[in-house]
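J.: Listed below are the residues making up each chain.
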Amino acid sequence: MNLNYTAEELAFRDEVRAFLDEKLPADIAAKVKGFRRLSKEDHQRWQKILNEQGWYATHWPEEYGGVNWSPVQKHIWDEESSRYGAPRSVPFGVNMVAPVIIKFGTEEQKQRYLPRILTGEDWWCQGYSEPGAGSDLASLKTRAVRDGDHYIVNGQKTWTTLGQHANMIFCLVRTNTEVKAQEGISFLLIDMDTPGITVRPIITLDGEHEVNEVFFEDVKVPVENLVGEEDKGWTYAKYLLTYERTGLAGIGISKAALQHLKELATRRIKNGRPLIEDASFSQRIARVEIDLMAAGISNLRIIASVEGGGMPGAESSMLKVRGTEIRQTINDLARRAIGPYAIPFVEEEMDLDYNGDFLSDENAAPVTPQYFNNRKLSIFGGSNEIQKNIVSKMILGL
Amino acid sequence: MDFRLNEEQQMLQDTVARLVRGEYSFEKRLEYSESELGFSADFWKQLGELGLTAVPFAEELGGFGGSGVEVQSVMTELGRGLCIEPYLQSVVLGGGLISQAGNSEQQEQWLGGIASGEIRAAVGLQEPQSFYNLNDVETRAEKSGEGYTLNGRKAVVIGGHCADVMVVSARTSGDSRDAQGISLFLVPADTEGLERRTYPTVDGSKGCDLFLNNLQLGSDALLGEEGKAAEIIEYQTGRAISALCGEAVGAMEVACDLTLEYLKQRKQFGVPIGKFQVLQHRMVDMMSELEQARSMAILAASVADEPQSDERRRILAAAKNVVGRSGQFISEQGIQSHGGIGMTWEYNFAHYAKRLVMINHQFGDDDFHLEQYAELLQ
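Keeping their order, the protein sequence lines are chains A and B.
Oh and the first sequence: position 369 is 442 in the numbering used here, straight run, nothing missing.
Oh and the second sequence: position 204 is 218 in the numbering used here, straight run, nothing missing.
The following block holds chain A by itself, in its conformation from the complex (with noise of 0.2 Å):
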């Protein structure tokens, strides 16, 4: 039993300071920390450092330009990252696309596809989920019939996260209907400007604009933007959707969120004392933070396993469940923080170069729109239900 990093891993982490000290621009760091939204620019900005580095393709292996990071050096890359407001790399392309065709994709697809993602000519997005086909997303319909040395392409994506940026969306088509749902899916790669792709927004609850549908009509896809084979490709989304779940539980951003919130109810008054010297709020504080602190060795022991050679199962279900309630909670507690202010929708004061009065607390007007905002954590990614279905079937086989 050993809780501590070896020398190594502790020399690894003060690299990876270093490197934050350095090269994280302030007002990137700024937005994240301040539940500030980020533009597309900020993110290839960012990316652009991180590739410079060689430090953004974390999940790859070396030849493919990746640094092929241990477990624990991975976690201490996350880490260090949400505590010092780094964004998190738009995963689309660099943590999911690009593992499947690391695995299934052929040598020219390799050759083609992970370059262009490493430099962030390609921005990728996600088709999967359609309008019908949520949780139960092997019912998908969108289809793609083979004709000559092309697919055609037939039907609607939705939840297309920052599919507005995407020129490159990865699809689940329907190439055989005469099967069960599961064993006539196909994983298509697809230009976005090919004729017959119209993206729409999607507005969300908070006012934002991250996600679309994304509607595909007589749409033209080359064969050889297959991956893997036809009718195989729910195998590869859930080999995918394995690298999705591991990131999910977020324990670094929660440690992050958790410190912005302290220093906010610093700064709020409650009976003319700060409101976290107030017994009832520093109570739910409190809890939050132990809940958090079992989830990171909970983490922890997942990644120990990992790096003994274990794979990440459906414990990293049950950490995902666990780990967006507690993001949740914490955004909850951070709505009340702020009381009445948390009403007022003050859109322009979440603009970091918004110069003018603060009608409260200069990080207040964001509070409200991240809490709602983030109701989906528990939604994307395989809902918690889902989670819970799976623990319930693969570690407890009921």
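It should be emphasised that the hints constitute simulated quantities derived from the structure, not laboratory data.
For glycine and all other residues, C-beta sits at the position ideal for the given N, C-alpha and C.
Among the clues, some could well be false.
Which residues of chain B face chain A? A few of them, derived with a C-beta cut under 10 Å, are [to be verified]:
no., residue
1, Gln23
2, Asn228
3, Gly284
4, Asp299
5, Met301
6, Arg308
7, Ser309
8, Met310
9, Ser316
10, His383
11, Glu389
12, Gln392
What follows is a list of derived Cβ distance ranges for each label pair [as the list claims (entries may be wrong)]:
no., chain 1, residue 1, chain 2, residue 2, range
13, B, Glu346, A, Met384, 30 to 38 Å
14, A, Thr315, B, Gln291, 20 to 28 Å
15, A, Gln117, B, Phe78, 55 to 63 Å
16, A, Pro413, B, Leu391, 23 to 31 Å
17, A, Lys96, B, Asn147, 44 to 52 Å
18, A, Lys121, B, Glu346, 51 to 59 Å
19, B, Gln291, A, Glu290, 34 to 42 Å
20, A, Lys466, B, Thr358, 27 to 35 Å
21, B, Glu45, A, Tyr312, 53 to 61 Å
22, A, Asn428, B, Leu391, 32 to 40 Å
23, B, Thr29, A, Trp142, 38 to 46 Å
24, A, Gly381, B, Thr358, 40 to 48 Å
Take the given structure of chain A and dock chain B to it, following the hints.
T.: Leaving out everything else, chain B in the frame of chain A:
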């Protein structure tokens, strides 16, 4: 990082597991519990013979200087077996207090026996008014002649009914909730003026309240420096909390196993009830609670024998808070998942449920530790 037990620790845990499996069927436990002693003298003797009661003590006492992890390895298995022997009170807490506070004569007099299991200690730190605040001490120790006269009452002394020696706190100076002015005394069970009101406990063990009526003690009964016991009590209670977290995790493991097994075999509406999603999700929630408790128990063990610090205080308060909540959750949800059978005396699940809820009442419940943690917020 490595969260596994090392080979020695694993062997230790396996030894306890084998012993518990062999000696502690549920039926036998009921017998032990109903006996006058309230536990198995024979099992206690075997714990001693196998060196398990010596685990936390120094080598010259026959132990191997085990720290929080080793103590938890023992306690987890005792928790799995729902064992009612006073290991926590005598070995971990009583032995711990005497080790830290005792002079060489006192250590020599008591620790060898405690480490071998031939002497049993119990610890009286709480009082009827003290709730979980161990600085709230109204029992008075007045100087008289060469020694002290004690008057007062110590509450819910688990294992006190059969202990050979009691370690009790009493106030030698200061006001009732001051940290300063608390002293510890060694009280042999046959001391004149010591009355015990003995009772069974809800979770199958035995305890007593101690009534100290003009109890006369020599100066050699003072354990540690006069008036300076609060820090020692806090430190050793922290070790006991870590040990108790280990016991709780053991009991929660079995409670979850029993519930899962039941979901698979109990049929209603023509199918195992584990096919119902509402029960599946409840079971997942129970497992998730168990895993959080396990994580915090590991963390508690890692600081149990470290020097005192706010970080140690925070971790132990957090661990006891999590374990208290998880234990109650698993008990309540486990009973609910079992339905009527979970309510019966003759089925073992109910006894795990009772123990887990009572653990929350030892050394402070989750509310108390949440308060403690909140005061240490940074």
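J.: Each of the hints needs a verdict: does it hold here or not?
T.: For each hint, the structure was consulted:
no.: 1; hint: Gln23; verdict: holds (7 Å)
no.: 2; hint: Asn228; verdict: violated (41 Å)
no.: 3; hint: Gly284; verdict: violated (16 Å)
no.: 4; hint: Asp299; verdict: holds (8 Å)
no.: 5; hint: Met301; verdict: holds (7 Å)
no.: 6; hint: Arg308; verdict: holds (8 Å)
no.: 7; hint: Ser309; verdict: holds (4 Å)
no.: 8; hint: Met310; verdict: holds (5 Å)
no.: 9; hint: Ser316; verdict: holds (5 Å)
no.: 10; hint: His383; verdict: holds (9 Å)
no.: 11; hint: Glu389; verdict: holds (8 Å)
no.: 12; hint: Gln392; verdict: holds (8 Å)
no.: 13; hint: Glu346(B) to Met384(A): 30 to 38 Å; verdict: holds (34 Å)
no.: 14; hint: Thr315(A) to Gln291(B): 20 to 28 Å; verdict: holds (22 Å)
no.: 15; hint: Gln117(A) to Phe78(B): 55 to 63 Å; verdict: holds (59 Å)
no.: 16; hint: Pro413(A) to Leu391(B): 23 to 31 Å; verdict: holds (25 Å)
no.: 17; hint: Lys96(A) to Asn147(B): 44 to 52 Å; verdict: holds (51 Å)
no.: 18; hint: Lys121(A) to Glu346(B): 51 to 59 Å; verdict: holds (53 Å)
no.: 19; hint: Gln291(B) to Glu290(A): 34 to 42 Å; verdict: holds (38 Å)
no.: 20; hint: Lys466(A) to Thr358(B): 27 to 35 Å; verdict: holds (31 Å)
no.: 21; hint: Glu45(B) to Tyr312(A): 53 to 61 Å; verdict: holds (55 Å)
no.: 22; hint: Asn428(A) to Leu391(B): 32 to 40 Å; verdict: holds (33 Å)
no.: 23; hint: Thr29(B) to Trp142(A): 38 to 46 Å; verdict: holds (40 Å)
no.: 24; hint: Gly381(A) to Thr358(B): 40 to 48 Å; verdict: holds (43 Å)
Checked against the numbered hints above, the structure breaks hints 2 and 3 and satisfies the rest.
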